[in-house]
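Number of protein chains: 2
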Amino acid sequence: MEKTNIAIVGLGTVGSGVARLLLDHGDRTARHAGRTMWLRKAVVRDIEKAKQRMTLPDGVLTDSLDDVINDEEITVVAQLIGGLEPARTIMLKLMESGKDIVTANKALLAEHGPELFDRARQLGRSIAFEASVAGGIPIIANISQCLSANQLQSLEGILNGTSNFIVSQMDEKGSDYADVVAEAQRLGYAEADPTMDVDGTDAAQKLAILAHLAFGATINWNDIPRIGIDGLDPADLRYARELGYRIKLLAVANLTEAGLELSVAPTLLKIGTPLAEVRNAFNAIRAVGDAVGPVFYHGLGAGQMPTASAVVADLIDTAVGRTKLTFQTLEYFCGENPPRAIQRDAASLKGRFYLRLLVANHPGTLGAIANVLSDHSISIASVIQHETDTSESTDRMVPLVIMTHEATEGAASEATNKLEGLSVVSGSVVRLRVKD
Amino acid sequence: MEKTNIAIVGLGTVGSGVARLLLDHGDRTARHAGRTMWLRKAVVRDIEKAKQRMTLPDGVLTDSLDDVINDEEITVVAQLIGGLEPARTIMLKLMESGKDIVTANKALLAEHGPELFDRARQLGRSIAFEASVAGGIPIIANISQCLSANQLQSLEGILNGTSNFIVSQMDEKGSDYADVVAEAQRLGYAEADPTMDVDGTDAAQKLAILAHLAFGATINWNDIPRIGIDGLDPADLRYARELGYRIKLLAVANLTEAGLELSVAPTLLKIGTPLAEVRNAFNAIRAVGDAVGPVFYHGLGAGQMPTASAVVADLIDTAVGRTKLTFQTLEYFCGENPPRAIQRDAASLKGRFYLRLLVANHPGTLGAIANVLSDHSISIASVIQHETDTSESTDRMVPLVIMTHEATEGAASEATNKLEGLSVVSGSVVRLRVKD
Ligand SMILES: NC(=O)c1ccc[n+]([C@@H]2O[C@H](COP(=O)([O-])OP(=O)(O)OC[C@H]3O[C@@H](n4cnc5c(N)ncnc54)[C@H](OP(=O)(O)O)[C@@H]3O)[C@@H](O)[C@H]2O)c1
Ligand SMILES: NC(=O)c1ccc[n+]([C@@H]2O[C@H](COP(=O)([O-])OP(=O)(O)OC[C@H]3O[C@@H](n4cnc5c(N)ncnc54)[C@H](OP(=O)(O)O)[C@@H]3O)[C@@H](O)[C@H]2O)c1
Numbered sequence: 001m002e003k004t005n006i007a008i009v010g011l012g013t014v015g016s017g018v019a020r021l022l023l024d025h026g027d028r029t030a031r032h033a034g035r036t037m038w039l040r041k042a043v044v045r046d047i048e049k050a051k052q053r054m055t056l057p058d059g060v061l062t063d064s065l066d067d068v069i070n071d072e073e074i075t076v077v078a079q080l081i082g083g084l085e086p087a088r089t090i091m092l093k094l095m096e097s098g099k100d101i102v103t104a105n106k107a108l109l110a111e112h113g114p115e116l117f118d119r120a121r122q123l124g125r126s127i128a129f130e131a132s133v134a135g136g137i138p139i140i141a142n143i144s145q146c147l148s149a150n151q152l153q154s155l156e157g158i159l160n161g162t163s164n165f166i167v168s169q170m171d172e173k174g175s176d177y178a179d180v181v182a183e184a185q186r187l188g189y190a191e192a193d194p195t196m197d198v199d200g201t202d203a204a205q206k207l208a209i210l211a212h213l214a215f216g217a218t219i220n221w222n223d224i225p226r227i228g229i230d231g232l233d234p235a236d237l238r239y240a241r242e243l244g245y246r247i248k249l250l251a252v253a254n255l256t257e258a259g260l261e262l263s264v265a266p267t268l269l270k271i272g273t274p275l276a277e278v279r280n281a282f283n284a285i286r287a288v289g290d291a292v293g294p295v296f297y298h299g300l301g302a303g304q305m306p307t308a309s310a311v312v313a314d315l316i317d318t319a320v321g322r323t324k325l326t327f328q329t330l331e332y333f334c335g336e337n338p339p340r341a342i343q344r345d346a347a348s349l350k351g352r353f354y355l356r357l358l359v360a361n362h363p364g365t366l367g368a369i370a371n372v373l374s375d376h377s378i379s380i381a382s383v384i385q386h387e388t389d390t391s392e393s394t395d396r397m398v399p400l401v402i403m404t405h406e407a408t409e410g411a412a413s414e415a416t417n418k419l420e421g422l423s424v425v426s427g428s429v430v431r432l433r434v435k436d
Numbered sequence: 001m002e003k004t005n006i007a008i009v010g011l012g013t014v015g016s017g018v019a020r021l022l023l024d025h026g027d028r029t030a031r032h033a034g035r036t037m038w039l040r041k042a043v044v045r046d047i048e049k050a051k052q053r054m055t056l057p058d059g060v061l062t063d064s065l066d067d068v069i070n071d072e073e074i075t076v077v078a079q080l081i082g083g084l085e086p087a088r089t090i091m092l093k094l095m096e097s098g099k100d101i102v103t104a105n106k107a108l109l110a111e112h113g114p115e116l117f118d119r120a121r122q123l124g125r126s127i128a129f130e131a132s133v134a135g136g137i138p139i140i141a142n143i144s145q146c147l148s149a150n151q152l153q154s155l156e157g158i159l160n161g162t163s164n165f166i167v168s169q170m171d172e173k174g175s176d177y178a179d180v181v182a183e184a185q186r187l188g189y190a191e192a193d194p195t196m197d198v199d200g201t202d203a204a205q206k207l208a209i210l211a212h213l214a215f216g217a218t219i220n221w222n223d224i225p226r227i228g229i230d231g232l233d234p235a236d237l238r239y240a241r242e243l244g245y246r247i248k249l250l251a252v253a254n255l256t257e258a259g260l261e262l263s264v265a266p267t268l269l270k271i272g273t274p275l276a277e278v279r280n281a282f283n284a285i286r287a288v289g290d291a292v293g294p295v296f297y298h299g300l301g302a303g304q305m306p307t308a309s310a311v312v313a314d315l316i317d318t319a320v321g322r323t324k325l326t327f328q329t330l331e332y333f334c335g336e337n338p339p340r341a342i343q344r345d346a347a348s349l350k351g352r353f354y355l356r357l358l359v360a361n362h363p364g365t366l367g368a369i370a371n372v373l374s375d376h377s378i379s380i381a382s383v384i385q386h387e388t389d390t391s392e393s394t395d396r397m398v399p400l401v402i403m404t405h406e407a408t409e410g411a412a413s414e415a416t417n418k419l420e421g422l423s424v425v426s427g428s429v430v431r432l433r434v435k436d
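Protein chains in written order, with UniProt numbering: chain A, 1 to 436; chain B, 1 to 436.
Hints may be right or wrong, so weigh each one.
Note that the list lumps identical chains together, so a pair holds whenever it fits in one copy or between two copies.
Simulated pairs of lysine-lysine, PhoX-like, Cα-Cα distance not exceeding 25 Å [claimed, not checked]: (1) K350 / K435; (2) K3 / K435; (3) K93 / K324; (4) K173 / K270.
Rather than coming from a laboratory, the hints here were simulated on the basis of the structure. Since the structure is predicted, the reported quantities are computational estimates derived from the model, not experimental observations.
Take these sequences, add in the hints, and give me the full structure.
Structure follows, in structure tokens:
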């Protein structure tokens, strides 16, 4: 049986999971690849630390990248260091020494993807990155190969497990954001510094990668309008539920006449629809193609073994030679064709909105608010205003929740500003998107 | 740009959908394949009939298979005739004349797969068959490539859209089986003769294909124990709902210590779980891998364009060269390794059961029934027996529904026989499996 020699660079959570799959399940990896997938080197920074983490066969562990670079028999490398540097430089060095790359590093691809992909092509090398989006869900292969007969029309995804865990827990337990974050950190679902997860950065980076594959658009993730879950109030989860919705951090890419609309934001999703029911650390993607219609994927979006599953599938595809063919195809897909226009004029985007206001509890308030909305051609679909305790003074402020019919983002934004200026409205207005 | 010349044999529902994608969307197919995907011939039985169905460019339509066989420039053929013959003979002839094959014909693969695959290997040809299972859901590629790092542990699927449509409609409208079938035929969701769909044959054939890929087992679909939905009583859908379940025609492959358990049967699924919520003509598959955990797929399981989406993805993969590499890998996967033992001793399978009996409405009945169950080590989880109209005679027969805790199929089957022999039980006992 043929043998493919593999190296892993970075033996952290994902790297040690990949090593485990290769070492403990060599038989089945060989069966599924038609060749032996041989772990020849694992490069770490600190050998003693790595030894505490896991036991590797003699001669595999090294702290010298040169042991991989100078070994011509190693043809495929799983590059599993996080962050931008030294990950980028290491990846370039590895490709220059003739290695094909498998990586899980979405931040690196979102930031330096064009440079790395171009360099890979010049060098005749390939980069596989299934693990970079949605962990164990093979969404990269599905978009770039399995649905290739389609013009994809939209992608909607829950792409950040940490945010989804936090929102699910807030929703189910009625807890505050800060309490749930602390709990998520204790359980290992959130990093010590979860900023990139909860502010929508991670989801935007993943959406940029998916939209690039699906629509041939070159997207700077930083241009994607994004709102995280870090400002979410449990009250909004409660009102949403009362209206028949759950709130999820939704990443959306939508192909319209005007171009590609991209966004990441907490969004109301109708209870009972598949995306609304994605709980805790799960991820999910709904893709709509013009031929296939809607296809829905659901699975674990992170974690050691789900992510390692995606990395090892890529190692097999690369060893077998499939990745190279896909990579050549992708070159045509996104290299030669002009990227689709990206819709930057958010004002014209249409949708329904959820508004929560703190209003004066006296006659005429609802009328004043309804007038502002109707001045902006926004019509009201439903209202929640609970009866207040009659023993309390009627000039107390009370919450008012409004679901609108379809309106443009521009109109909703202007109306919100106007509402915030009304004397019967106190403080700022919470405005969230609604998907049916 | 390179060009791959393609032929379609059989221009029916799927064939004409494939022709439409190739003709109307040549640009994007070329972009996604990195080459022109050129429809050169479409072989039909009756040229006049085909002309009524669709307009093809001059010179494409032919009623002679030899026009494809003798044309060396045609390298890939979508074989889209249904049934066993002449589909089998045509496929062999095409491969012998050097063509790679793409097909949607699950009946042919389930019946003659081993012969066709062996012949393809001898000839150095490939067969791609994404469209043969679950229509637009790319489950073949997902199992044989995307999840290749895993030992799959189970597959559960709703694989027959016609059955699922019928059961969904019976459930939602409370209608009888026969009425819904007539309606499904009128709407085009069921064939004039829907026997193979509703008796579980089609689902068993698809399960045989999936289990072959997932577990390396060579399975004669006819050996898979199967029960269709043709005997389903709306009363059971109602009682199931009362207990918090829906009934679906579920195909299951489960890897246990004792071997591979396979079955197709109407099964109670807990309301709110993803498989229970698959409605109408949709299909879905839940796969569990030892590394990735559970992955869920949902999409349109049949219909012209979803199926054509799968066929064209296969045509692209074949033209690009990926199919050949996968096909070689699959050879190792299932050719050289002994198939996993198939668990044929259904008696030892464990599960929970739903029982519905018609019983005498007098004291002692429930005791007698509970005794039989406890004699077979089956304990009762819940019971439904509605109060009867007191004006009616108490010796009338009334329905009794029992949900058991976990028991073996053998014990449940013996207990059922015993129950049917009790004087307080009238007629036969309905017994269905329950999945939580
Ligand atoms: N964890 C997940 O669930 C998941 C899911 C999808 C994608 N990813 C991505 O996968 C990548 C790895 O994630 P992870 O969770 O495995 O992170 P991690 O546990 O922090 O592992 C990263 C490893 O890289 C090592 N490293 C850093 N610089 C190095 C160098 N110069 N040479 C050799 N090793 C070096 C680190 O060593 P030290 O221990 O010495 O710092 C650490 O062991 C990241 O890009 C992440 O975004 C992770
Ligand atoms: N329809 C779906 O949604 C779906 C989904 C998944 C898989 N499939 C599978 O795809 C295959 C095709 O299904 P379909 O729905 O397209 O069936 P269909 O509409 O009946 O089409 C089959 C076509 O093959 C033609 N044909 C039969 N014998 C031929 C011959 N000797 N030479 C040339 N053409 C011949 C038939 O011609 P006539 O019109 O003259 O009879 C008919 O046009 C089947 O194996 C089916 O199981 C279908």
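For each hint, the structure was consulted:
no.	hint	verdict
1	K350 / K435	within (11 Å within a copy, 42 Å between copies)
2	K3 / K435	neither (50 Å within a copy, 42 Å between copies)
3	K93 / K324	within (19 Å within a copy, 32 Å between copies)
4	K173 / K270	both (19 Å within a copy, 23 Å between copies)
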